[in-house]
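Asker: So the chains spell out like this:
There are 2 protein chains.
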Amino acid sequence: MIRKLAVLTAAAVMAVTSFSVSAQTAQTAQERAIQYRQGVMKAQGWHAGNMAAQIRGTKPYEKEDFARSATFLAQLMHMSWDGFGPGTDKGAPTKAKPEIWTDNAKFKAAADNAIKATATLAQAAAGGNMDTIKAAFGEVGKACKGCHDDFQAK
Amino acid sequence: MIRKLAVLTAAAVMAVTSFSVSAQTAQTAQERAIQYRQGVMKAQGWHAGNMAAQIRGTKPYEKEDFARSATFLAQLMHMSWDGFGPGTDKGAPTKAKPEIWTDNAKFKAAADNAIKATATLAQAAAGGNMDTIKAAFGEVGKACKGCHDDFQAK
Chain A
1 MIRKLAVLTA AAVMAVTSFS VSAQTAQTAQ ERAIQYRQGV MKAQGWHAGN
51 MAAQIRGTKP YEKEDFARSA TFLAQLMHMS WDGFGPGTDK GAPTKAKPEI
101 WTDNAKFKAA ADNAIKATAT LAQAAAGGNM DTIKAAFGEV GKACKGCHDD
151 FQAK
Chain B
1 MIRKLAVLTA AAVMAVTSFS VSAQTAQTAQ ERAIQYRQGV MKAQGWHAGN
51 MAAQIRGTKP YEKEDFARSA TFLAQLMHMS WDGFGPGTDK GAPTKAKPEI
101 WTDNAKFKAA ADNAIKATAT LAQAAAGGNM DTIKAAFGEV GKACKGCHDD
151 FQAK
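Protein chains in written order, with this note's numbering: chain A, 1 to 154; chain B, 1 to 154.
Looking at chain A on its own, in the form it has when it is part of the complex (with noise of 0.2 angstroms):
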């Protein structure tokens, strides 16, 4: 048991290393949260992108690939705040804007609403009414909008 415990720390030890290698090398705390809410970002985009064709028509639609992007979705809208801590207003190349920090109730009342529409989203895909669904994907849409316009550089 001894054995067996220690031969796992060594393998945790060892995944550790390997990630650290893997993701922090020679980069700075503000970098690695830069891009981390970058990725994020990043793979909210690509979700939406595919609902967004299958409302405009352009890819048809089908229910359960419509409803995995929405429930991604709703998962990553919770995720990239933690990259908009103190201190990371610079350190990468980034638009975000100073009033993230200066005003950040605000930003934070835009991530809520943010969370919330995607989660209506999430619901609404789960049912399957695309007017359901449209309603619920304007206001998502609205949110990201609205959150981009206030806090995002042109």
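Bear in mind the hints are in silico, worked out from the structure with no lab data behind them. Predicted model only: the values in this text are computed from it and were never measured. Among these hints, one or two may not hold up.
Repeated chains share a single entry, so a pair holds when one copy, or any two copies, can fit it.
Below, simulated DSBU-like cross-link-like pairs (lysine-lysine); rule was C-alpha separation at most 30 angstroms, straight line [unchecked claim]: (1) Lys97 to Lys59; (2) Lys95 to Lys142; (3) Lys63 to Lys106; (4) Lys145 to Lys42; (5) Lys95 to Lys63.
Chain A is already provided as a structure; the job is to place chain B on it using the hints.
Answerer: The following block gives chain B in isolation, referenced to the frame of chain A:
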């Protein structure tokens, strides 16, 4: 009611336009897929790094914070694979090896393995026993490293 639906549909169309402008301008489907999967993996690396720091002790262990990262990592682990569709072996800078598409069954098995390992870690993290967490984290590290060794160019 008809007017309300028309307004909602207009909002949905605006949302679609907004997404398509912000997320898809002048990008090929290949570029979008490659940047999507890279974004997801960047987000995975961030949360893995957050947990690694707490296991290593360079950041104090906080059960809630650790479990949050473990849950996010488990959710993210379902997402990246969509970005490895047919034809996405090129089209933007990528370290993806051809074996992803020539030995897709092996790649899918590695994906399933990583999904399972991160789900186990999320469970362990919710429990809060550090020995169990370390063992589960070690398995996640092996799953990540194994897949990168086989399918990611140096």
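Asker: A separate judgement is required for each hint: does it hold in the structure or not?
Answerer: For each hint, the structure was consulted:
Taking CA atoms no more than 30 angstroms apart as the test, lysine 97 paired with lysine 59 passes between copies only; the shortest distance there is 28 angstroms, against 35 angstroms inside one copy. In this assembly of identical chains, lysine 95 and lysine 142 lie within 30 angstroms of each other by CA distance solely inside one copy; the values are 19 angstroms within and 36 angstroms between copies. Proximity of lysine 63 to lysine 106 under the C-alpha cut-off of 30 angstroms is restricted to the inter-copy arrangement: shortest distance 28 angstroms between copies versus 35 angstroms within a copy. In this assembly of identical chains, the alpha carbons of lysine 145 and lysine 42 lie at most 30 angstroms apart whether taken from the same copy (15 angstroms) or from different copies (24 angstroms).
Within a single copy, lysine 95 and lysine 63 get their C-alpha atoms no closer than 34 angstroms, and across copies no closer than 33 angstroms, so neither meets the 30 angstroms cut-off.
When the structure is compared with the earlier hints, a violation turns up for hint 5 alone.
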